[in-house]
Structure formats: C-alpha cells, structure tokens
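Now for the letters of each chain:
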Amino acid sequence: MAANRKKPRLGVWKFASCDGCQLTLLDCEDDLLAVAGAVDIAYFPEATRAEISGRYDLSLVEGSITTPHDAERIHAIRRRSRKLITIGACATAGGIQALRNFADVQAYTSVVYARPDYIETLATSTAIADHVPVDFELRGCPISGRQLIEVIAAFLVGRRPVTPAHSVCVECKLRGTVCVMVAHGTPCLGPVTHAGCGAICPAYNRGCYGCYGPMESPNPVSLSHGLAALGMDARALQRVYRTFNANAPAFRDESARHGK
Amino acid sequence: MALSRQSVLTVDGLDALIGKLRERGYRVIGPSVRDHAIVYDDIGDVADLPRGWTDEQDAGQYRLRRRDDDALFGYVVGPQSWKKYLHPPHVALWRARRTGKDVRIEPAPEPTERLALLGVRSCELHAIAIQDRVLLSGAHVDPGYRARREAAFIVAVNCGVTGGTCFCVSMRTGPKVDAGADIALTEIVTAGERVFVLETGSDKGAALLADLPHRWASAAEIAEAKAVVARAAAAMGRDLAADDVPELLLRNLEHPRWDDVAQRCLTCGNCTMVCPTCFCTTVEDTSSLDGTETARTQRWDSCFTMDFSYIHGGSVRTSSRSRYRQWMTHKLATWHQQFGTSGCVGCGRCITWCPVGIDITEEVRAIRAGSRAEGDRHGD
Numbered sequence: 001m002a003a004n005r006k007k008p009r010l011g012v013w014k015f016a017s018c019d020g021c022q023l024t025l026l027d028c029e030d031d032l033l034a035v036a037g038a039v040d041i042a043y044f045p046e047a048t049r050a051e052i053s054g055r056y057d058l059s060l061v062e063g064s065i066t067t068p069h070d071a072e073r074i075h076a077i078r079r080r081s082r083k084l085i086t087i088g089a090c091a092t093a094g095g096i097q098a099l100r101n102f103a104d105v106q107a108y109t110s111v112v113y114a115r116p117d118y119i120e121t122l123a124t125s126t127a128i129a130d131h132v133p134v135d136f137e138l139r140g141c142p143i144s145g146r147q148l149i150e151v152i153a154a155f156l157v158g159r160r161p162v163t164p165a166h167s168v169c170v171e172c173k174l175r176g177t178v179c180v181m182v183a184h185g186t187p188c189l190g191p192v193t194h195a196g197c198g199a200i201c202p203a204y205n206r207g208c209y210g211c212y213g214p215m216e217s218p219n220p221v222s223l224s225h226g227l228a229a230l231g232m233d234a235r236a237l238q239r240v241y242r243t244f245n246a247n248a249p250a251f252r253d254e255s256a257r258h259g260k
Numbered sequence: 261m262a263l264s265r266q267s268v269l270t271v272d273g274l275d276a277l278i279g280k281l282r283e284r285g286y287r288v289i290g291p292s293v294r295d296h297a298i299v300y301d302d303i304g305d306v307a308d309l310p311r312g313w314t315d316e317q318d319a320g321q322y323r324l325r326r327r328d329d330d331a332l333f334g335y336v337v338g339p340q341s342w343k344k345y346l347h348p349p350h351v352a353l354w355r356a357r358r359t360g361k362d363v364r365i366e367p368a369p370e371p372t373e374r375l376a377l378l379g380v381r382s383c384e385l386h387a388i389a390i391q392d393r394v395l396l397s398g399a400h401v402d403p404g405y406r407a408r409r410e411a412a413f414i415v416a417v418n419c420g421v422t423g424g425t426c427f428c429v430s431m432r433t434g435p436k437v438d439a440g441a442d443i444a445l446t447e448i449v450t451a452g453e454r455v456f457v458l459e460t461g462s463d464k465g466a467a468l469l470a471d472l473p474h475r476w477a478s479a480a481e482i483a484e485a486k487a488v489v490a491r492a493a494a495a496m497g498r499d500l501a502a503d504d505v506p507e508l509l510l511r512n513l514e515h516p517r518w519d520d521v522a523q524r525c526l527t528c529g530n531c532t533m534v535c536p537t538c539f540c541t542t543v544e545d546t547s548s549l550d551g552t553e554t555a556r557t558q559r560w561d562s563c564f565t566m567d568f569s570y571i572h573g574g575s576v577r578t579s580s581r582s583r584y585r586q587w588m589t590h591k592l593a594t595w596h597q598q599f600g601t602s603g604c605v606g607c608g609r610c611i612t613w614c615p616v617g618i619d620i621t622e623e624v625r626a627i628r629a630g631s632r633a634e635g636d637r638h639g640d
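Chains as they are written, first to last, in our numbering: chain A, 1 to 260; chain B, 261 to 640.
Derived from the structure by calculation, the hints contain no laboratory data. Glycine included, every Cβ here is placed at the ideal spot set by N, Cα and C.
To give an idea of the chain B side of the interface with chain A (calculated C-beta under 8 Å), a few residues: (1) P339; (2) T527; (3) G529; (4) M533; (5) W560; (6) T565; (7) P615.
To list a few chain B residues with every Cβ distance to chain A over 12 Å, as calculated: (8) Q266; (9) K280; (10) P403; (11) A451; (12) A470; (13) E484; (14) A494; (15) E514; (16) R517; (17) I571; (18) H590.
Can you build the whole structure from these sequences, using the hints too?
So this is what it looks like as structure tokens:
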C-alpha cells in the first residue's frame with residue numbers, strides 16, 4: 001500500500017460469545033504485527049482499552065444477538081462501518097447459545113438466577129445477518145487464524161477472500177487424510193460441513209463436529225442415513241447437528257427431523 | 261507391454277530393487293499401511309510394504325484385514341491414487357513482488373524430484389495414460405506434470421486379488437498390465453517361496469534389472485503368474501457393461517434416476533478427489549497484508565462444488581442432480597468425444613469412498629433399466 005495513504009480503521013466488536021474468535025486474532029503472533037502495520041486497530045476490547053468513536057473502514061463482529069440492547073447496538077455499529085464482516089459460529093449462526101431457540105428461556109432463567117426479573121434477554125440467539133446487512137461471513141468455532149488474515153488481506157486490496165464453501169471432505173483429500181467414516185466406521189459431519197479448519201479432526205482419527213456449519217449445498221438427510229447405519233439413534237442424530245451451529249437452517253431443520 | 265523374457269526376483273531381490281532405485285536418486289513411493297488403510301507413501305525398503313495385509317471394499321466401506329499369508333501385494337487400490345504425486349493437490353505457480361513501482365513476477369521452479377512409483381496397478385497405469393492425454397497433449401501442456409511424469413520410474417504390479425468394488429475387466433483396463441510400466445511384477449508362490457515374476461517394459465527397466473540378483477523364470481512360474489492374474493480377472497467385484505454407455509447416458513439426460521441419485525448425493529466431492537483420472541484444478545490467489553507480495557497456487561477442484569461452474573452472475577449447476585449428472589456423463593460418455601477414451605478405469609474408488617455408497621455401476625444399471633428408446637434423445 002502506498003505509504004502516504006491513511007491506514008484503514010479496524011474495529012473488533014463483541015456480542016454474545018466466548019471471545020475465542022477475537023483471541024484468534026491475538027494468536028496470530030507475527031501476522032498480528034503485520035495486521036497492526038496495515039490497519040489502524042481503533043477498537044479491540046480484548047487487546048486494548050482505547051475506545052475511539054467515529055467511522056470504521058472494517059468492522060469484525062464476534063457473537064450473536066441475545067438481548068434487546070445488543071439488537072440495538074448492532075445497528076449503531078453497522079452505521080459506523082463501511083464493511084462489516086462477521087467472524088465465528090456465534091455471529092454467523094447464533095452459536096452454541098442458540099440451543100435456547102429449542103427451549104423455553106423463561107423456564108431456564110427462573111431456575112438459574114436468584115432474581116430472574118433482573119435478566120433482560122431475548123427468547124432466541126440469532127446471527128448478526130438476521131439483524132443488519134453483512135458484507136462477509138467467516139465461519140468457524142473458533143475461526144481459523146489463517147482464514148482471518150486472508151479475509152483482512154483480501155479486504156485491503158479489494159479482492160474476494162479465498163475461503164471455499166465446499167465440504168470438509170475436500171480438505172481431507174487435499175491433505176491425504178484417510179476417510180474416517182469409510183475406513184473406520186467413525187460418524188463424521190465432514191460431508192455436510194463448510195471447509196476452513198483444514199480438516200483437523202479427521203487427521204486425528206476423529207469425525208468432524210461441524211464447527212464451520214453447513215457447506216454450500218448440504219444434504220444432511222442423506223448423511224443421516226449413513227450415520228444411522230453406523231449406529232447413531234434418533235437422539236444422537238438430533239444432538240450431532242445441535243452444537244455450535246444449531247441454528248444454521250440446514251442443521252436446525254435436520255436436527256428437528258430427529259425429535260423436538 | 262512389449263514383453264521381455266521373464267525373470268524371477270525373490271523378496272530380497274525386490275528389496276534390492278527398491279535400494280537400487282534409491283541409489284539412482286529416485287524417491288520411492290509405494291503402498292504402506294497408515295490410519296487403517298493402504299496409502300501411497302515413502303518406501304525405504306521392503307519392510308515398509310503392507311506384508312500380510314489385505315483390504316475389504318464395498319460401497320461406502322473399506323476395512324483393512326490380516327491375510328493368512330505374508331503376501332506383499334495382497335490387496336487392491338486404496339484411498340489415494342498416484343495423482344497425489346504426479347498431479348499434486350497444491351502446486352505453486354508463481355509469485356509477484358512489488359518494490360516501489362517495480363513489479364517482479366517469479367514463476368515457481370519446475371519440479372526436479374524423480375519419483376519411482378512402486379506397486380502401480382493396471383487400472384492406475386490406464387489412469388496415468390488418461391491424465392497424460394489431458395495434461396500433456398494439445399496446445400496447453402502442464403509443465404510441472406510433464407517434468408514429474410518424464411522423470412518417473414514405474415514398477416507395476418499385476419493384481420492377484422480383486423476388490424469388492426473393482427471393475428477393470430469391464431473397462432478393459434486390467435487386471436493384467438499391458439503398457440506404461442518400466443517393470444511389471446507378478447507375485448506368486450513357487451516351491452514354497454514367495455517370488456516375483458518380472459517383465460521389463462522399457463530400456464530403463466531392463467537396465468535396472470541388469471543390476472538386480474535374478475534368474476530366468478521357469479515355464480511353470482510363467483504359467484502360475486498368468487493363472488494368478490486370470491483368477492483375479494474372473495473374480496471382479498462389480499461390472500459395468502460399458503460399450504453402449506455413452507449413447508445410453510446421453511439419451512437419458514432427463515431420466516428420473518438423476519433425481520433419485522440427487523437425493524443421496526452429498527455433493528461432498530469425494531468421488532472426484534479419489535478418482536485417478538479427475539484432473540480439474542482451480543487457482544487461488546493470496547496477497548500479503550502489506551500489499552507487496554502476491555502468489556498464485558493451483559489446487560484440485562471438483563465439479564461438485566458451486567465455484568466450479570461459477571460464471572458471471574452465479575453457478576450454472578446449482579442442483580446436486582445437475583452436478584452428479586455432469587460428473588457421470590463426462591466420466592463415462594463425453595470423455596470419449598473429448599479425449600478418445602472413457603474417463604473411467606474401473607478402479608472402484610468412487611464407489612468405496614463415497615460416504616453414502618453411491619455406486620456408479622448401479623446408477624448405470626438403473627438408467628439402463630428405465631432407458632428411453634433409441635432416437636428419442638433429450639438434453640438440456
């Protein structure tokens with residue numbers, strides 16, 4: 001970039017989440033210095049207490065919308081942001097906390113809190129894109145540091161980031177991992193899951209947990225037949241789709257087919 | 261394969277063969293047990309081969325099993341094919357650097373590594389020949405593939421067993437090695453000893469044999485080697501009456517079976533990744549955060565992804581029906597028009613490694629069963 005050009009302003013915003021995706025940025029180590037060199041990190045609660053108001057060229061949004069206050073706040077952030085990119089399963093699909101969408105939140109708060117009337121919360125946990133327009137969604141629970149750097153680098157030069165939406169199976173094959181489902185009979189969500197992690201779990205002889213949510217054209221109905229043949233009952237099938245991306249439509253609908 | 265006079269190599273002789281290849285600067289790749297499967301990996305000596313192992317294969321299923329003998333090649337083809345080495349999943353193409361106003365483009369160096377592929381089956385030799393036609397003939401030659409391919413030494417093995425998803429006999433691609441190998445081996449047991457009947461198929465192969473301890477094969481040994489392959493040929497796990505398939509598929513582009521298979525297809529791309537002839541790639545560009553460097557990498561792609569058919573405005577093949585049909589009709593039908601042969605060699609990998617066990621031979625049978633009459637051709 002030309003040295004005399006003003007650096008783009010970056011904001012990292014947190015909603016209902018565990019902070020793991022923000023920490024992924026801090027974990028980028030050497031690359032973090034390059035990020036700091038390329039952008040002006042104007043708001044990043046995990047890394048600094050400095051708070052700068054004004055407009056942001058790039059906003060990275062972590063977390064889901066679970067409270068009336070946050071449902072308002074995301075609009076304010078959208079208005080301040082030229083590009084808004086959501087990072088992680090919470091921001092792109094509602095996260096693990098979207099399990100509340102299948103339950104009665106009032107019933108939980110009355111059991112968990114001494115004064116449930118202090119709790120002001122929504123009945124659902126939803127993705128940022130359900131509330132404001134989003135320019136790009138980066139998947140993962142947590143996101144991959146490599147992919148985050150790629151998204152920022154692509155933003156800086158105005159190109160499309162290389163974050164393929166095909167299955168995790170493609171990543172297994174690219175790295176030469178033997179298919180755990182076919183060769184070991186291990187249930188695996190890889191065929192319906194969005195690539196991005198680099199197919200970590202199958203490389204350690206575990207099935208894919210679906211951390212990156214549904215791939216571009218998922219067929220979980222067919223996969224469930226295969227998983228059932230490997231011994232998963234209806235309860236297990238319902239639960240396998242109800243994790244970090246429980247509220248992603250393809251997983252939500254498939255989990256509902258196996259029980260309420 | 262222009263047959264040489266046949267020789268016999270002992271197991272020690274095979275070990276010497278691996279050693280001589282390594283001495284000549286080859287990186288020897290061959291079958292090896294890893295993660296409960298027989299993969300293609302670096303081979304240091306004969307002890308790295310899957311001695312006493314076999315595989316059981318069916319649609320969507322692969323299991324490694326112990327044999328009751330110590331055969332070295334007593335299995336068929338595994339999850340990987342040789343394209344992993346000859347047409348690798350990622351290939352760096354070039355990088356560009358900007359210093360001030362100066363932009364410098366540096367092409368990636370051509371590969372210099374010499375590969376010796378050990379244990380290549382007949383179907384796989386046919387697959388390599390198909391990739392040769394795609395990547396080396398015509399106006400656009402892949403220089404990296406050419407460099408790897410021209411430097412490669414191929415030690416083929418005639419199949420003595422057949423897998424549950426094999427159908428090379430249908431495709432006329434095996435199990436007997438007929439071309440494309442520098443050396444071809446057949447594993448037999450003679451007078452209680454495990455040996456390899458060896459033929460050479462090139463001057464390189466003959467020169468290597470001259471350096472190995474060997475003896476001429478007896479008539480009985482030659483007959484046994486022939487019988488071993490004939491037994492494998494008679495025991496194919498699958499079959500595909502292939503001769504009329506191009507016409508059959510192109511006549512049935514609106515067959516209801518495409519909807520049926522679309523219900524099962526995961527569009528995960530596994531069939532294309534394991535196929536030894538699927539050659540499609542895409543390119544990925546990366547750029548550094550400071551904007552001074554960019555690089556382009558070639559990566560395996562699959563016609564089952566949305567990006568594959570993305571043109572201005574969106575993907576052409578959005579349904580899984582259209583993607584499965586594209587893959588299968590290209591593989592079995594339009595490949596003939598494009599490259600002069602079928603794109604399928606009957607190795608069975610797409611059947612075994614489909615997580616939900618979609619069987620290309622079964623799909624052809626189903627289409628044949630409800631086929632439109634000839635002359636009633638529909639397309640889209």
